[in-house]
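Enquirer: Chain by chain, the residues run as shown.
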Amino acid sequence: MKQFLDLSLSGLTSGFIYAAFALCLVLIFRATRIVNFGQGAQAMFTTYIALDVVQRTGNYWLGLLAALVSGFVLGAVIERVIVRPVETGPEINAVIVTLGVFIGLIALAAVVFGNTFEPFRAPFGLEGFQVGDTSINLTPTNVFNIFAVVVAMAALLALFRFTSLGLQMRASAFGQEVARLLGVRVGQMLTLGWALAGLFGSLAGILIAGGNFISPNFMDSVVVFGFVAAVLGGLDSFVGAVVGGLVLGLSLAYVQGYVAPELVTLAALGILMVVLLLKPGGLFSSSVARKV
Amino acid sequence: MLEISDLVTTYGPVKALDGVSISVPAGKITAVLGANGAGKTTLLRTVSGLVKSRSGKVTLGGQDITRTPVEGMVRLGMAHVPEGRGVIAELTVEENLRLGGLWRKDDDKAERMEEVYEQFPPLDKRRKLSAHTLSGGERQMLVVGRALLAKPKVLLLDEPSLGLAPLIVNQIFTLVRDLVDRTDLAVLLVEQNAKSALGIADTGVVLNLGRVVASEDAKTLLADEGLRHAYLGF
Chain C
0 MKQFLDLSLS GLTSGFIYAA FALCLVLIFR ATRIVNFGQG AQAMFTTYIA LDVVQRTGNY
60 WLGLLAALVS GFVLGAVIER VIVRPVETGP EINAVIVTLG VFIGLIALAA VVFGNTFEPF
120 RAPFGLEGFQ VGDTSINLTP TNVFNIFAVV VAMAALLALF RFTSLGLQMR ASAFGQEVAR
180 LLGVRVGQML TLGWALAGLF GSLAGILIAG GNFISPNFMD SVVVFGFVAA VLGGLDSFVG
240 AVVGGLVLGL SLAYVQGYVA PELVTLAALG ILMVVLLLKP GGLFSSSVAR KV
Chain S
0 MLEISDLVTT YGPVKALDGV SISVPAGKIT AVLGANGAGK TTLLRTVSGL VKSRSGKVTL
60 GGQDITRTPV EGMVRLGMAH VPEGRGVIAE LTVEENLRLG GLWRKDDDKA ERMEEVYEQF
120 PPLDKRRKLS AHTLSGGERQ MLVVGRALLA KPKVLLLDEP SLGLAPLIVN QIFTLVRDLV
180 DRTDLAVLLV EQNAKSALGI ADTGVVLNLG RVVASEDAKT LLADEGLRHA YLGF
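Taken in order, these protein sequences are the chains called C and S.
The opening residue of the first sequence carries number 0 in numbering that gives the first Met the number 0; numbering runs sequentially from there.
The opening residue of the second sequence carries number 0 in numbering that gives the first Met the number 0; numbering runs sequentially from there.
Incorrect hints may have been included.
Derived contacts from chain C toward chain S, CB cut-off under 8 Å, selection only [said to hold, decoys possible]:
{"#": "1", "residue": "167"}
{"#": "2", "residue": "177"}
{"#": "3", "residue": "180"}
{"#": "4", "residue": "181"}
{"#": "5", "residue": "182"}
Hints are computed from structural coordinates only; laboratory data are not their basis.
We put the beta carbon where it would ideally sit given N, CA and C, even for glycine.
Kindly produce the complete structure, drawing on both the sequences and the hints.
Expert: Structural data, given as structure tokens:
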């Protein structure tokens with residue numbers, strides 16, 4: 000029972016982070032039908048920027064702020080400068096370009112920040128909470144991570160649900176031409192989408208980094224898991240991304256604890272295959288098949 | 000209100016519009032008729048800026064809008080209801096309508112929205128439902144209502160009758176006619192269904208292979224058997 004509880008808690012914590020990462024993939028995919036493979040590398044890069052700020056100022060929160068701002072800006076710049084020029088071509092062009100961003104940023108990080116493992120400070124303690132006289136597998140940092148992801152998701156939801164800007168972003172995602180006819184500046188909305196995705200990815204990056212070591216490749220496995228989570232949810236549903244992230248986090252934790260730790264990556268792919276076989280559109284696809 | 004002069008649009012080597020001139024006065028419905036591939040949809044798409052013209056000029060209330068980007072058109076008073084309904088199916092009925100009045104700053108938006116609901120009772124009952132649950136006729140009501148929320152001076156309607164039952168077509172046409180008579184709206188209506196379109200239009204323009212072959216009073220056009228047989232198929 001204790002083991003089950005511990006595994007569930009750790010699964011939930013990583014599940015929220017996968018969910019945050021899946022969300023940024025969904026944000027971009029929904030609007031542009033592009034899977035941004037560069038997302039993990041962007042987050043890695045901004046986490047290094049955050050590390051630099053933390054080391055200079057000794058303040059974790061300034062580092063967090065730096066990660067979010069640089070993630071936002073980097074996302075916007077990548078869309079404007081790198082993706083926009085190839086957007087009129089077939090979608091696969093843009094996807095290949097994001098792979099280029101992925102490779103390029105990792106190489107750049109190795110040059111600028113060094114290809115070594117650097118410790119990253121945790122915002123809060125890393126000791127499990129005490130319940131009675133046993134310590135459970137939930138640390139104050141874990142709680143902060145979950146809290147941060149939930150707050151960010153709520154903010155995103157509110158933006159999309161209740162604001163005119165969010166409505167314009169959704170209109171641009173689902174009906175570009177109609178949106179333009181109605182006076183929505185679709186180009187700006189797409190840039191904003193990439194910027195928000197960059198912000199979310201950076202948040203996931205710095206949360207994973209807290210209390211761990213970072214290297215130019217530290218986000219690679221998260222990209223895989225976040226992608227699986229996003230596909231589980233249907234790639235274009237926010238709810239799907241969150242549920243997908245949590246399901247994946249929990250499943251992988253159980254596999255790790257009850258089966259074998261080395262099977263975790265394989266299990267992720269197994270889950271992906273089973274879901275796609277049973278429901279090819281993912282669990283929560285929100286897009287309506289368009290009638291011609 | 001809307002003046003189209005000598006408009007040329009090409010798709011590669013093909014001239015989809017080959018020097019089209021049409022005048023769309025306020026308070027009138029101008030119907031553009033013609034067979035498939037005559038250039039009707041291209042005409043509307045060029046006027047609203049979705050397609051760039053090769054040469055020619057479009058003015059709206061005297062202002063040259065030939066090079067105005069699509070996003071700016073609605074602010075100048077042009078609403079374009081594209082072919083195939085143009086509802087955003089993933090949004091709710093209400094959200095679709097809100098998009099219509101998006102750029103307007105005035106405070107009577109809520110009242111105007113209620114007016115649309117009054118005009119189209121089926122929409123009223125479905126406010127919070129996703130637009131993909133609507134029938135074809137309801138979708139057409141939604142896009143027309145949404146276009147009207149922008150308070151346009153010119154309304155471009157592309158094949159509003161496409162795939163709709165005659166009764167619904169009639170209902171929508173009557174509404175447009177009524178609106179034009181009350182508000183001085185200028186309507187440029189593109190239709191395959193020439194008979195119904197001429198029934199409500201003031202002027203009929205016949206397009207063939209990108210050229211205007213006839214431009215007449217709607218009643219005269221209805222009576223001209225030769226032209227009808229040659230270009231309109233009835």
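Enquirer: The structure should be examined with respect to each hint, and the outcome stated for every one.
Expert: The hints, checked one at a time:
Because the closest C-beta pair between residue 167 of chain C and chain S is about 7 Å apart, less than 8 Å, the hint holds. For residue 177 of chain C, the suggested interface contact is upheld, since its CB lies about 5 Å from the closest CB of chain S, less than 8 Å. Because the closest C-beta pair between residue 180 of chain C and chain S is about 5 Å apart, less than 8 Å, the hint holds. Hint on residue 181 of chain C holds. Least Cβ distance to chain S is approximately 5 Å, under the 8 Å limit.
With a cut of 8 Å, the hint placing residue 182 of chain C at the interface with chain S holds, because the nearest CB-to-CB distance is about 4 Å.
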